[in-house]
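> Here is how the chains run, residue by residue.
There are 2 protein chains.
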Amino acid sequence: MVTRLPTVDDVARAAGVSRQTVSNVLNTPAIVRDETRDRVRRAIDELGYRPHASARRLRTRASSTIGIRLDPITNGVSGSVLDRYLHSLTEQAAARGMRIMLFTATDHADEIAQFRELRDGADVDAFIVTATQFDDTRLRWLAAEKVPFVSFGRPWGDDTADTPWVDVDGRAGVAAATRHLIGRGLERIGFLGWPGDSGTGGDRRRGWAETMRERFGLDDVALDALAIEVDDAVPAARRAVERLVDEGLRLDGLVCVSDSLALGAMMAVREAGHPRFPIIGFDNTPVAQAVGLSSVDQQLAEVASATLELLMGPTGTRVIPPDSDGPRSRFVTPKLVVRRSSHLAPVDEAGEAAAPETGNHHRKEQQ
Amino acid sequence: MVTRLPTVDDVARAAGVSRQTVSNVLNTPAIVRDETRDRVRRAIDELGYRPHASARRLRTRASSTIGIRLDPITNGVSGSVLDRYLHSLTEQAAARGMRIMLFTATDHADEIAQFRELRDGADVDAFIVTATQFDDTRLRWLAAEKVPFVSFGRPWGDDTADTPWVDVDGRAGVAAATRHLIGRGLERIGFLGWPGDSGTGGDRRRGWAETMRERFGLDDVALDALAIEVDDAVPAARRAVERLVDEGLRLDGLVCVSDSLALGAMMAVREAGHPRFPIIGFDNTPVAQAVGLSSVDQQLAEVASATLELLMGPTGTRVIPPDSDGPRSRFVTPKLVVRRSSHLAPVDEAGEAAAPETGNHHRKEQQ
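Protein sequence lines correspond, in order, to chains A and B. Each residue of the first sequence is one higher than the one before, counting from -10 in the numbering used here. Each residue of the second sequence is one higher than the one before, counting from -10 in the numbering used here.
Possibly wrong hints are sitting among the right ones.
Each computed DMTMM-like pair below joins lysine to aspartate or glutamate, with the alpha-carbon atoms no more than 20 Å apart [unchecked claim]: (1) A:Lys135 x A:Asp312; (2) B:Lys135 x B:Asp109; (3) A:Lys324 x A:Asp158; (4) B:Lys135 x B:Glu106; (5) A:Lys135 x B:Asp34; (6) B:Lys135 x B:Asp99; (7) A:Lys135 x B:Glu35; (8) B:Lys324 x B:Glu291; (9) A:Lys135 x A:Asp314; (10) B:Lys135 x A:Asp312; (11) B:Lys135 x A:Glu35; (12) A:Lys324 x A:Asp286.
The set of hints was computed from the structure by calculation and includes no laboratory data.
Construct the complete structure from the given sequences, taking the supplied hints into account.
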């Protein structure tokens, strides 16, 4: 269907020279006689032949492209985190002459099949793996095949793993959030986390647990009494927190493993008659910004920058082979963003009456 | 630095045959004698040669890749719209065997330079252009160069333009939002829009203006008195709406050109002492969902599907040449999502049943 574009053979025929001579004109023109070079160049212009990147890739085996999986959209609050990483990554990669190739995969096995196809096709020079899990087969495959890659996320559950990674120190971020509430004189600070000991969720919980143990001498039983586990959904978090406060659990504050859970908790404590306490989320999503929720920001621009440094060196414009020396991992320290919840946040009748008419538009009773 | 990978020449040398014979074994094995074919295949296996996609691209001039510009992250409420489109696009493109290549550009001239580089490199088979503007030079360049593309956004300001596009019928979406408020018995429905007659913004404003003119016989002066223009930022919208209601403008409802502006308006009407009225946004962002803001949803999965249909036909797996027959444009009708603003709860009109065990947590005074 597509009109065939001119090839090297067409140029060679038109100029009455060999393929090799055309190649020499394109790649090492100095070794070609002036008259021949001019004739080949005229043929190139007349035919509209474009020596293209595929040919260059065949020679150099470099595509100047980095592959990363993009999942189907999730409508959740936190869905934007990897999107924001992708924006930073694309921008910073462009500054190093690299582009980003997106692909999809249904599971890890399928993702490995995609790695293989893109690697075999020399379509990409390196991969970025996200959402690492315990004993992640993707990391093992890429390492065994000596394909350059970096994971955004530690190789959870494999302390001997020597695969390159960049990760956000979630434990430090949640510890900072917990210390912030303690610094405001609060004591009974709860943790709203995900069920099970997922790598990321468990790590964030440790930031809270260690801080509470250190400051108040709480043991595991006391800590468990302050911890709630719920799937990452706003309504589930809302019901769980409602149930707990209805049952009489007293909380002075709540640190959450995600903004989704923090929003559910916010909804629960804003019920008329419910006690109010400060809530801190994790991910600093646009939603947190809009409703005035304090949250831990992952510093995704820094994560993107660290990813590229591990792949390409501090200022390099090429992917480094996987067995070269140099740093193999990088921890990024997240940053607590403290907000006062605003009038955009839901208010009940009591709160409404308490709001000043002009000037300070922020509510005082929350953070 | 990278150990050189085996080439066709290496295979040819090892098997004692010509490059052409190796190529025949790979592409048209039936024409090669059995003994020769076996020898070449042994050499391929022993050397670990991988006939790769770059070679295939050189032959077919097809990369199975679609290029699209990704801008640096904007922290705004609506920043997620193109991200959600990108997720749908990547997923649906994968189902047709296509991948998505991301690049960046500082302006239209730079984007055209990127088009040229990617086209010359045969890195992509087609482009998707977003955020079209009046007299968009990008569309003209791509059409003149006969590069396959579709724009998400009409070729504004050029009625004779015959470039392929898919767009959301923003006018119809805003008209539906306006009719929804009229149907609730409201009359003085304002429009909060962007300054100037931007293509998209002007189109959405017409949806409101035409509906108000038709139902209430308003003239331009009456319409202008109900219209506010402000840059797309939450605080600016909040101040503008505060000022107007302070000055005594009576509004029964407000339709907004974006969720950002709608959020600012929501904040203004929640001030103590301010009159409250229903507000409808545009884009149905995660933020709108979180705060219970009614909003017009662009139906981005359908936009992505229409984009690929224009590029590749209804079920095709290859990009169609730009001068072929077939539909050239597609309008997607957006959908009004009605919510009751609540204690942060995302609920739709029927959503009362969504949280039956805890009764009605939702505010009634807004929509």
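> If a hint holds in the structure, say so; if it does not, say that too.
Structure-based check of each hint:
1. About 8 Å separates the Cα atoms of lysine 135 (chain A) and aspartate 312 (chain A), which keeps this hinted pair within 20 Å; it holds.
2. For the given pair, lysine 135 (chain B) sits about 13 Å from aspartate 109 (chain B) by alpha-carbon distance, which is consistent with the 20 Å threshold.
3. This hinted pair checks out: lysine 324 (chain A) and aspartate 158 (chain A) have alpha carbons roughly 10 Å apart, not beyond 20 Å.
4. The straight-line distance between the Cα atoms of lysine 135 (chain B) and glutamate 106 (chain B) is roughly 15 Å, inside the 20 Å bound, and the hint therefore holds.
5. The straight-line distance between the Cα atoms of lysine 135 (chain A) and aspartate 34 (chain B) is roughly 19 Å, inside the 20 Å bound, and the hint therefore holds.
6. In summary, the hint linking lysine 135 (chain B) to aspartate 99 (chain B) is supported, as the alpha carbons are separated by about 19 Å, within the 20 Å threshold.
7. Between the alpha carbons of lysine 135 (chain A) and glutamate 35 (chain B) the distance comes to roughly 18 Å, so the proposed pair stays at or under 20 Å and holds.
8. With a C-alpha separation of about 11 Å, the suggested pair lysine 324 (chain B) and glutamate 291 (chain B) falls inside the 20 Å cut-off, and the hint holds.
9. This hinted pair checks out: lysine 135 (chain A) and aspartate 314 (chain A) have alpha carbons roughly 14 Å apart, not beyond 20 Å.
10. For the hint pairing lysine 135 (chain B) with aspartate 312 (chain A), the CA-to-CA distance comes to about 44 Å; that exceeds 20 Å, so the pair is violated.
11. Pair hint lysine 135 (chain B) plus glutamate 35 (chain A) holds up; C-alpha atoms about 17 Å apart against a cutoff of 20 Å.
12. Distance check on the hinted pair: lysine 324 (chain A) and aspartate 286 (chain A) sit about 5 Å apart at the alpha-carbon level, within 20 Å; holds.
Taken one by one, the earlier hints fail for this structure only at number 10.
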